[in-house]
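Based on the provided sequences and hints, a complete structural model is requested.
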Amino acid sequence: MYAGHAAIATFVKGRRPRISIALLVPVAFAPDWIEWIADILGHQDRMLSHSLVSVGIGATIVATLYAIVTRELADAGWVWMTYASHWAADYITGTKPTWPGGPQVGLMLYSRPVWDVVLESVIILLCWLVYQRSLPLEARRRAIGWLAPVGLIAMQIVCISLQDPRA
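Note that the working numbering gives residue 1502 to position 59 of the sequence shown, counting from 1, and the numbers run on in steps of one.
Rather than coming from a laboratory, the hints here were simulated on the basis of the structure. Fair warning: there could be bad hints in the mix.
[As the list claims (entries may be wrong)] Derived Cβ-Cβ restraints for the label pairs, each shown as a range:
{"hint": "1", "residue 1": "Leu1590", "residue 2": "Val1565", "range": "14 to 20 Å"}
{"hint": "2", "residue 1": "His1486", "residue 2": "Ser1577", "range": "35 to 41 Å"}
{"hint": "3", "residue 1": "Thr1513", "residue 2": "Val1548", "range": "31 to 37 Å"}
{"hint": "4", "residue 1": "Ile1483", "residue 2": "Glu1581", "range": "41 to 47 Å"}
The beta carbon of each residue, even a glycine, is placed where N, CA and C say it ideally should be.
Written as structure tokens, this is what we have:
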């Protein structure tokens, strides 16, 4: 899942307006960024970035830091869920590690690119609608606001066309 992670960040922003979207988007993509950095450093082990264990640890660290800085425990819970949602979203589209020595699991929707684009487009639109409802009425009426979900859907189409279906 690519654009779907950003969509989840917009959903959380719509539910918790105090949390910065500039924080939520990187948090939603954090396991991918950890994987990319590990790959650059020569450690191609998805267990470090995408396992249930690593996602749980990463989510807890980020949420704890957020709680310490802001003193907003409820918002920290949403930050934790944003990070943790990465594993669940990726489970739908590909396969992901569970724990050291555990199985790789997933529904492999990437092997059905049309269905992947349809599902992620629906997720993007639903999450965007939640976000839009959190905006002032004047901002909701601007047609330019729809460039974000349209751009995310276009990004998903490009990404899925480049995706290795075994990922």
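Checked hints:
Evaluation of the 14 to 20 Å hint for Leu1590 and Val1565 yields a pass: the beta carbon distance comes to about 18 Å. The given range of 35 to 41 Å is respected by His1486 and Ser1577, whose C-beta atoms sit roughly 39 Å from each other. One distance hint, 31 to 37 Å for the beta-carbon pair Thr1513 and Val1548, holds here, with the actual separation near 34 Å. A C-beta distance of roughly 44 Å is found between Ile1483 and Glu1581, which places it inside the suggested range of 41 to 47 Å.
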